[in-house]
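A.B. asks: Letter by letter, the chains look like this.
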Amino acid sequence: MNSIIDDIRAAARQLLADGKVDVVIGYEKGSLPLKSTPCFVRSPQDADKLIWDETCENNLATYAAQTAGKKAIIAKGCDSRALMVLLQENQLVRDDLYIIGVSCPGVIDKNKIEAETGEIIEATITDGKVSVKGIACDKEYNFADVKDATCQTCRYPNPVIVDLKIGGSVEVPQSDFADVIALENKSDAERKAYFKEQMSKCIRCYACRNACPMCYCQECFVDCNAPKWLTGGVDSAENLLFQTGRALHLAGRCVECGACSRACPQGVDIRALSRKVNKDVKEMYNHESGISEDIKPALNVYSADDPEEFLVKE
Amino acid sequence: MKISKEKFGQSFDALTAEYQVVAPVSEAGAVNFKTAKSFSEVKQDYLNSKLPPKSLLFPQHEKLLSYVKEGKDITVKNELKVGKTVLFGIRPCDAKAMLLLDKVFKNDQYRDPYYFDRRDNTVIIGLACNKIAPTCFCSSMGISPACSEGSDLLLIDLGDSYNVEVITEKGKELLASLGELSELSAQEQALVDTVKSAQTTSKVDVSTITAKLDKMFDNSYWDTLHEKCLGCNACSFSCPTCHCFDISEEVIKSEGSRVRTWDACMAPLFTLHGSGHNPRDKKKSRWRQRMMHKFNYFVHNNGDIACVGCGRCIKGCPVNMDIRQAIDGVNKAEVVVD
Amino acid sequence: MSQSKIGAVLIVGAGIAGIQSALDLAESGYLVHLVEESSAIGGTMPMLDKTFPTNDCSMCILSPKLVECGRHLNIRIYTNSQVVKTEGEAGNFKVTIKQKARYIDTEKCTGCGSCASVCPVKVDDEFNQGIGKRKAVFKQYSQAFPNAFAIDDKNCLFQKHGTIKGKDVCKKCVEACQAGAIDHAMQDKEIDVEVGSMILNPGFKVFDASRLVYYGYGKIKSVVTSLEFERLLSASGPFDGHLVRPFDQKEPQKIAWIQCVGSRNAKINNNYCSGVCCMYAIKEAVIAKEHSHIPVDTTIFYMDMRTHGKDFEKYYDSAKNQHGVKFIRSRIYEVNEAEDGSGDSVIRYSTEDGQILSEQYDLVVLSVGLEAGDSSKELSKILDLKVNKFGFAELEPLTGVNTSKEGIFAAGVFSGPRDIPETVMQASAAASAVASLLSEERGTLVSEKQYPPELDVAGDVIRTGVFICHCGVNIGSIVDVPAVVEYAKTLPTVVMATEKIYACSQDAQASMKALIEEYKLNRVVVSSCSPRTHEPLFQETLKEAGLNAHLFDMANIRDQCSWVHMNEPEKATEKAKDLTRLAVVRASMQQPVKPVFMAMNHAALVIGGGIAGMTSALSLADQGYEVHLVEKDTTLGGVARRFSKGFRGEDMKAFVAELVESVNKHPNIKLHVGTQIKEVGGFLGSFTTTLDNGEQIAHGVALIMIGGQEYQPKEYLYGQDARVMTQLELDEALVSNDSRVDKAQNYVFVQCVGSRCEENPYCSRTCCTKSVKLALKVKTQNPAAKVFILYRDMRTYGYFEEDYELARRSGIIFVRFSENEKPVVTKEGETLVVTVKDHVLGCPIEIEADVICLAAAIVAPADGAKLSQWFKVPLNKEGFFLEAHMKLRPVDFSTDGVFMAGLAHSPKNTEEVIAQAKAAAGRAGVALSKEMVESAGLNAFVDKRKCTACGTCEAVCSAKAVSVDMVNRVAVVNDALCKGCGACASSCRCGAINLRGCTNQQIAAMLNTF
Amino acid sequence: MIMGETKPYEPKIAAFLCNWCSYAGADLAGVGRFQYPATIRTIRVPCSGRINPLYILKAMANGADGVLVSGCHPGDCHYMSGNYVARRKFALIDSLLKHVGLEEGRVNFSWVSAAEGVRFAEVVKGVTERVAALGPNTGVFKVDGGGTDE
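Those protein sequence lines, which keep their order, are chains A, B, C and D.
With the working numbering, letter number 245 in the first sequence gets 245, and the count goes up by one each step, no holes.
The working numbering runs 10000 ahead of the 1-based position in the second sequence.
The working numbering runs 20000 ahead of the 1-based position in the third sequence.
The working numbering runs 30000 ahead of the 1-based position in the fourth sequence.
Hints are computed from structural coordinates only; laboratory data are not their basis.
Beta carbons: idealized from backbone N, C-alpha and C, even for Gly.
Check each hint, because a few of them may be wrong.
Here are some of the chain D residues that sit facing chain A, going by a computed Cβ distance under 8 Å [what the hints assert, rightly or not]:
| hint | residue |
| --- | --- |
| 1 | 30035 |
| 2 | 30054 |
| 3 | 30061 |
| 4 | 30073 |
| 5 | 30084 |
| 6 | 30085 |
| 7 | 30092 |
| 8 | 30096 |
| 9 | 30100 |
| 10 | 30101 |
| 11 | 30111 |
| 12 | 30123 |
| 13 | 30127 |
| 14 | 30134 |
| 15 | 30136 |
Just chain A, same shape as in the assembly (with noise of 0.2 Å):
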């Protein structure tokens, strides 16, 4: 980790001092143990509050067409692919943008773990093991045990789309869409009931949205006054109508980083929807998004003999 740190530094010193780009965007320590935060670093003696490690949780992505000038961005797997996307969808212009590749190994799933110790006073990692002080108790982790339910079933922890990549490649782990399948395994009173527990904590704080990099459009439907799709209301009926609204806008583009999930102050599993959306997607039309620039958005594209299953039985 250490070299790879000390390798984002210099990559990012360099780059200001060359004149290359006008900000690096990265990680720099946060405020709270366990956690990173993104910094927007211009000048190359600030270069060395970057940081690399498993609380760089972010998807960076999210800031690219946001921060204007040339840009130098630190990408995760998910966060290439996010690039990727927006690079297709023309928010992003390719000469603008210097992609710093990093292999990740998953980020750290704090809720887990303050779930058990309470809010946590003092954290390490080291060597794979997470020594956590906190409220209610000490304790320590083996990593991959407090790893990011997305980071579990991620298909590409390499970068797929850099200017410098950064530290060698981690181990692609075999991943299916188990958790997508052990829900639609459920009943369907027990799945309904899932989802408005779920959605019954959302409070529309529109921070998974806002994370997502995916998102966005000026005016998101759920802001839109004509046509008013929403109320303002926030049950768990409104809810789902704008997280279901939402993973449908996602579909085919989703580039399953976990964002929204993280972003979430009230531990809502919306990737729930989007996991499913995206588990239809690689069956129905075999795409993943993201991955390579000839592949078009899934739904931007049809084939004449696309399945049909959702027709109604006669």
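Knowing the structure of chain A, use the given hints to seat chains B, C and D on it.
C.D. replies: For chains B, C and D alone, kept in the frame of chain A given last:
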């Protein structure tokens, strides 16, 4: 004076007959204020609720009135429903926040009936903090983990019993129905003293912030502060003092209603005019607004900082924006005086 | 002789060919008189269930054309009519049309059907091929135009018996008709029209299968014709698409098709191939399997499987391999009724290897051929046209559409069997020929309707008027119309609501206009019948009242309410209220929509200087348009320069030379020879094309005619031994008395070289005929020569069947091989040896060959991919250009303003290339004839504030009408190209792109009233 | 209505029909007088490709008891590919709605051609039966006006 938890529990259960009793309840993995039918539902060892209790007086989405059109006739119905409520177990920071909200919803010209009809019918039983989270900084905001401001009764958890302190007349009245009190032991008294003298470990300096901000509207500090903010409403909606709202009409078929919904200054739409013009169209101006409102405008208007140091916005922020750092930044910012 | 020509055209026959010609010409500025023998336009297509090779629903693709043709201001339709007399000459004909009495005023008839419901006479329904019944007062089919009934006087009781003892016999229809449309006193009449030209497309009749007794048709109930089978399959057919045997309603599980019934039969003087039967039989077999909910076993008995059209071979392959349709190469002896009393049929047949077998089927379908119709023959006689021995009109060689009389053109099966796309191509080609002939008279006789100036309603308070129609008793007897009126009055924006007996009647229209003025209405809603038929009528009324036509909506409370909820009047009334409310909501949010006009450059760019390109260029130039012809080669002529003779013996060298000269001489044609295209920009009306030499051409339309290429064989020692040559090479060798052929005695022709294989899974269409022609030429030059043709299926479609027969009689030996046992060519010393397994003998035979002629495939042009990108037009998998619609738009692209013809589209012979090239010129001419590019305006539009320039709209737009302006970061809709489907709007996540007339706001508001 | 007799439940179904095929199919059902339940409320759209997934969600939220979406059969689209584009959306929305607990049968998709009058009536019958069996829309998206779960 103290009351045993067993006794308190019985009284609590009895209260539910007459009052809507709202208390911290664990639901779907989080502790929040919900209507409790019995004391056994109440979560005991919680730091603070995930969401602030403000929605009990100021719901996130509230029907103000409704109307029905039949043929050419229209009938209007007032939707305000009020019952007597006991709010149990709120922390001193949130109790203080209620006092700040009171200032918003009532002034010389106006009293918001939806808020105040509920507020006036609510008795607040505060519960002091035995444990203090690293994100708590109420001590910097003029209160403390056992502050009684805003509570009608203040309890301190002594294990098997609560230390009870009567703060207001309302509290005193309610106390009568809670049962007999007994004296504290010396050991218990020592615990009470410890809790009362406790301070948060995390501190910020707001001693000069209001004055400083007077001079900072055009400061370059705002140019970078906002940069990583995603513009979501997580901080506002989890803040016990944020109180902005939007009023809209919702019509389906021939029935409609006028509703009030939380809004927040971090969203670009908050200030979007019908014309398409948006006076606060940049994140920069929205973050400045947030800081100005809490630490300057509100102070000028209401004499108080609109932050109680609960730390919820710090925990809820998806990108770890920390209001303590933002305050620090203001303190450190260079102010050029003309 | 009169000097001036007449800018009007007579079109005889209103099938798909007549409709296409009529639309093309009326749209280009000519007045069209369309004469149809039956009571409705449409011809054969409405009878078909699906169409090959795309399995499109026939009615679905036809009906928009029916409506367009029926409503066209410059198409005068004469139904129940025939041409009885003509005089004059090209440019100036006088024609007498005899119109039989219909006994129903089509102006008054609303098509409601009250008359038919009371008519007591039931007769066999011709439309359903006699399966099922119709009344004596009838409409051919429900979507028919005119949307009016007709009385069949041969069966009508009153018409037959009149008044007996002072009492009218029957006349129930008159009582039933509330519109007063029935007039039993109506008389036949004669109408004289003057026209400059004529197009004849009277169609065909299907072969009467009872003429061939051994098939048992007419005797055995389970033997039906293919057209009867279409009606059985059709959802609008006598059994609503449930596949059953007509006589016992049993669902057939085993069906056989017998091919070539009445075709390829010299004994009955039908020695031609009908060309369409192989494909329709395969289609019927596939659809039968799809339709039936039980497994259906399907078998096709055939001689040669002739799937030579574009994408047909793939269809055949998938029928065989995916759908499991069985194909048996055989000769049929006879069909007999099964003796088990099941009503089944037993087919006795012999297979290729001589076995004689019998098999029992639930249903036997006879693939009946196409014959010249009696009225076609009559027409040829009246016009004194040359006909061939089969009674089909004989066209002038290498013209595609010219009959033996100048100024009279033909399309469709009138001149010989052909399928729908070829018919449509010919129809457009004929229209093009007419437009060339009458170019000076364009626009002289057409009229345009004038309207009062449009009121500006922007910003006005919405004032909606609602008209609820009784439709006689059709709505009013079920739906409580007064209650709906009262309900409508309570709806927001509604200032008046009233009822009408027939909202579409002339007096109702007049009253509607008056009410619009009186109440200052600025939105109108009519609750009556289908907007698909009546919206244009009411929109006319709005325009006449000075309102924009789009400030309007309709609720269909007849077809979708009273007629389908006849036993639930209360619910029907509730639904009528709801539908009216939805229409009021939509109408109240409608905004005026103005047609969009854009500049039209009246020059055409033709790419490719072969026969197709030159033909198109000349045709457009004759129509009076400036043409730029670009040819990358230094000389014109294309591949045809290598042909000696055409398929009808024409001297190709002379023909090409003449064509080149005409092109060179034509003042409207600018040649750009020896140069290529470098860049293309723009769209319909304003293309700019840059050539290699830097020259820039501004043009309004583009025609892609870049030809194809001869496949370079890798097999059969081609390129290794000079005696192995392609057809083109042998043709040249025979003409030049090349030493290789001079002394040659043994010729072996090998078919399907590079065709019908994995690499090129299509048939090259021309090679069977070409080989037969070459073989005959060899035999003529050297009668002692031994000639072998090794083939898979002989595809000598149409009249080429005669050549095939002649070849066999001339002693040319035909040996069939199968795809997996291709012939082998080896060299033993200097001797070429061809080894092939003979299917009849079942053993390999060896032939020593002096010349081996390979029927090399026609493959797609090399430059296709470039042009496809430049003009945003698609290619199919094999690299040929893909037309907008395989059936009805065979020379158009879905991108407006770009057309194609020739080998770049698919393999075809010269005659067909010429027809297609003229068709493309005709279609391009329609576009060029417009002063401006006009779009109705119900288009997509963009809210710049919301657009993120993501490009999703651009990706999903099939018309290529949306593109992203990357400088301003906003999507831009090209109104000239937008078709208004709304796929972009539903795909736009940001809600930035929307559709006029069907906005998100409107739909959401409608849903809000649920 | 006789006293004590309860009115049988009659669902209201929002029916989005494409202009060129399914709406024409509905017209044909009318011309043929093929009876079907008076449950659908037609919304005519140019093409099934016009149907925004949000329409379906909104119909459910606004209390339609069911939704029927019908377009041209694949290959028959008047606009060449509108229904192909729509088909992918429909497949995904159908699957997702079921996943989040919307009852199977609330939202229905079909292709009905301009020639399939009988089939149109059959489709409406079938959809009505399914929706009626589910009872009134109390589904996961129905907005009851309360605005909050409590």
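A.B. asks: Of the hints stated earlier, which fail here?
C.D. replies: 1, 4, 14, 15
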